[in-house]
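Chemist: Chains as they are written, first to last, in the working numbering: chain A, 1 to 305; chain B, 306 to 610; chain C, 611 to 915; chain D, 916 to 1220.
Errors might be hidden in some of the hints.
To be verified - Which bits of chain D does chain C cover? Going by a derived footprint, with three or more residues having C-beta under 8 Å, they are:
no., segment
1, 1027-1033
2, 1129-1138
3, 1208-1219
I should point out that these hints are in silico values taken from the structure, not numbers from a laboratory.
We treat Cβ as the ideally placed atom computed from N, Cα and C, and that holds for glycine.
Given next are the chains, with one letter for each unit.
Protein chains: 4
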Amino acid sequence: MAYGGPSSPTASAFAREPYPARTRHAYALTLSCDDEPGLVAAVTGTLARHGGNILEAQQFDDLDSGRFFMRVLFELGQGAGVQDLIRDFPQTVAARHMHWRIRARSERRRVMILASAQNHCLADLLYRYRVGEMNMEVVGVLSNHPRDALDIPLIGDIPFHHLPIEPGQRDRQEARMMRLIEDAGTELVVLARYMQILSDGFAAQLEGRCINIHHSFLPGFKGARPYHQAYDRGVKMIGATAHYVTADLDEGPIIIQEVEPISHADTPDELVRKGRDIERRVLARAVRHHLDDRILLNGRKTVVF
Amino acid sequence: MAYGGPSSPTASAFAREPYPARTRHAYALTLSCDDEPGLVAAVTGTLARHGGNILEAQQFDDLDSGRFFMRVLFELGQGAGVQDLIRDFPQTVAARHMHWRIRARSERRRVMILASAQNHCLADLLYRYRVGEMNMEVVGVLSNHPRDALDIPLIGDIPFHHLPIEPGQRDRQEARMMRLIEDAGTELVVLARYMQILSDGFAAQLEGRCINIHHSFLPGFKGARPYHQAYDRGVKMIGATAHYVTADLDEGPIIIQEVEPISHADTPDELVRKGRDIERRVLARAVRHHLDDRILLNGRKTVVF
Amino acid sequence: MAYGGPSSPTASAFAREPYPARTRHAYALTLSCDDEPGLVAAVTGTLARHGGNILEAQQFDDLDSGRFFMRVLFELGQGAGVQDLIRDFPQTVAARHMHWRIRARSERRRVMILASAQNHCLADLLYRYRVGEMNMEVVGVLSNHPRDALDIPLIGDIPFHHLPIEPGQRDRQEARMMRLIEDAGTELVVLARYMQILSDGFAAQLEGRCINIHHSFLPGFKGARPYHQAYDRGVKMIGATAHYVTADLDEGPIIIQEVEPISHADTPDELVRKGRDIERRVLARAVRHHLDDRILLNGRKTVVF
Amino acid sequence: MAYGGPSSPTASAFAREPYPARTRHAYALTLSCDDEPGLVAAVTGTLARHGGNILEAQQFDDLDSGRFFMRVLFELGQGAGVQDLIRDFPQTVAARHMHWRIRARSERRRVMILASAQNHCLADLLYRYRVGEMNMEVVGVLSNHPRDALDIPLIGDIPFHHLPIEPGQRDRQEARMMRLIEDAGTELVVLARYMQILSDGFAAQLEGRCINIHHSFLPGFKGARPYHQAYDRGVKMIGATAHYVTADLDEGPIIIQEVEPISHADTPDELVRKGRDIERRVLARAVRHHLDDRILLNGRKTVVF
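So that you can see chain A by itself, here it is in the shape it has in the complex (with noise of 0.2 Å):
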């Protein structure tokens, strides 16, 4: 009686996996601007003339907004070279409030994680990026706990930072906190059920480059301790919802969503574990997302492709 097929090799199982080919020389572009006839022709007559071949991509126009969206993901040919094409983009495609970005799929994106005394979603994370899942780099852990009360042994040799939260000192920690992420070349900051008031200036600066993951359903119970508000109002699903962090409080560009079933013999704290894995699941997948350039902003909202 066989269970699976034949075992792997005896290699560490936390060794980085081997990019896949079909990666090699690979890169994506997003692109989003006002829309106008031509652009799709041009954006891939560029990628054409400079040998790029075409393996994925998506195209939106939203007609509420006016904004065209696009992700492409392409390779390069052997002698061609990305800084000729990034060097010629802005030349051959010209649109009103073009916002793009060409990047390396290879490239690993610097990530640093905040988080409180709630672990579940930085240990998740934290293996998967061991394992090799997540096309990340994590340049530091930062947490108003200590190191030994977080318990992570995963953490490892990533730089781990102790911000205490002392009382009237808000501006002095999220001064030192900004610092630490600039500091460490920081390109995503994850909120990994970090638990803490961040000030509308802290927030406004990390737009577009900071993920949180709010422990409800949302536009429902909003605010503090979701699962007892929905244990209360007998709901029969409970969710999670990662989205960027702005300045106004859970009503950032929402990313992914998800839920699961619950039941009257589920207490609080029931709600509360089975949420644990809810918003673990979904913040990674928000994570892994934004790392694969997935996710385009449209105001308020989010283009998913």
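Based on these hints, arrange chains B, C and D on the given structure of chain A.
Modeler: Relative to chain A, chains B, C and D alone:
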């Protein structure tokens, strides 16, 4: 090449299914009361003395409210009389604030459906009724639109009542509705997207026997045009909620909720279309659970066995 | 207390929805071919030169098969003629083994539905058709049962063909079916739980334009009575699969699959009932995706944009 | 701007949660036997006479097999002794082929986990164990790989057994495994993606106390490399199945199944990655249900209350 097995004989597909063998002479007992030790023993002892055999049962003790809930499906042997059981029951089982009911599983409850121009829930319920999927007798369809406007051939010979809305005449109209409901011996009223104002008094009179479908995942997007609210907020899932009607708008005890994923490409019209599928599924399940004696009221919540 | 917003006017709920504004003068281009660099640029360049504006598009490159797939929704301006575009297209875009099609979004495809005694999928498709949810023209309903037996009032004035199965006459019956299908100008055949033997030749003739619903989560429980198989095996979920019909039974390219949880308490009859809901939902989605030009064949598989 | 409520105190997040108040002095009774009238009355009467108060209970009568199943959570008052109840039980409740057990809810069952190089299920179970989510004592981790290769810091001081596979030595290795399992007083063996051949005899010895996770939605894709099979077939969902191990490969009684949608763009590697999430979730739920006395064997099937 065959698709599926041999076809069933050419009898009308609308013929009522013969009630399955396992529920012949079967009964459902539902009971809620203040919790005290020995309740299950007292109830099941009484059933056993009357020759009852339990097919399926659930019990739940809400430690918050101190209320106990029980549902028992049981069979009685050939000679045994359910009337004896019903007569003896209150003498052998006594608890504070006890509500109980014993109902033959073969009994079809009398249901009145209220509908407006959005007819998908009405059409769905009537289809399920016609194929024998719902253990009910539809005693009437009531609408503020004329029958021709609803345009549902499945209404057939079911009594149809057209009560147009006239400004300033709500009290009079509701009095007529209530008379129709009562005259038909209605045991359950279903608001199948009946988009009209109901007074608090009307709602209160139907407490525990009137199910509504709300086209959002409550408590998110209460009130009007929830799909447009969802579109504006940029959520990534939409849902529907079936609940008992109370005087408190969109706050009645929730029976069932379901959701489906949506994307940035879904227009409000597409949300409305996708929502129709969720609504009719959720409403049918809630009505079915009610007819199946699976739902017990627990204050502002429900116990769904 | 209001349930939902103000009711819509008393126009017939079955009136066809006016086609939404965003798809006026809109077209869908679908294309598959052997992959080569520059394809997207060539296609979108051609569209741009003919005044096309892209609303939504997807591209996918299957690295295994070396095939490239593309779907573009685009609008043409007032003066622009789609006939010019269609004439120029093959000259400006050339690739090996290319299949392409440009279709007006307002065009309703001609659909023939085949049904047996299990009429839930037929009833569901016709309801969706009547409320304007499916962009199709039902040109006929064909059954081995007489119309009275099917008992679906929604058939209304749609041509109904009764072709009873006679032993040893399959070839003759299939020839008659094919003639009816072709005479009606049928573009898509839907097997809405049509539980009859089809010959390999018949299936081959309809390749890529005949959708079947199989009442299991393939590849589990192929063949007859899948719900009874599921019950006997004690699985905890049941499902349905919509796929294109091929000569190879239950092996055609899969379009959509969905499942629902079940429990030990579900009898085979209850599985059949729950399955009806899944089947009709899955079949409707698959047909809708086909009508929406979202599905491209990729050998034994599908690309669903 | 606050995310969530106030943070919890800086105690170690790995400290075991104090067992919630509602389960103090609480017990679980599970029972299966041939059905006969009066069983529930006899059982609950016995509980009542011993001062038991029922918190939650379910009963189910399988009309096919004629077997009756029951699970009761109950509390005993201060003075009441569970030993008296256990002693009296067989005298007051007698039925044919009866299996029954009364277990303190606070009792942690002894669990041995077997793992191979795919360590995600092991890592997940250990995390849940460390945060007090699983009511178990992990008495050992056993692998055919050395501890360094598994590289799971959470193993900590749990006894680790490395039993490398040597060709032609399976019998000897299994004998050593069984001795380790028995010596540790193991009550449940969990195959957390343990990808090795087990003999029929070994499987038979662990019947009803060994849970495996199969990385497909059984009965689809039995055997090796199910994600590659799924990719080749072009299915639109993948899943995982937790089941009790029997001598019959991939045919043991199913406990839980779950699925997730996939698309044409998912490579086999991506299916493997997505599958890891489903596998660890499904396995954890199955183990949790087992520890919670929710699963009763019913021949080749399970009853899951």
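Chemist: Which of the listed hints are not met by the structure?
Modeler: Structure breaks hint 1 only.
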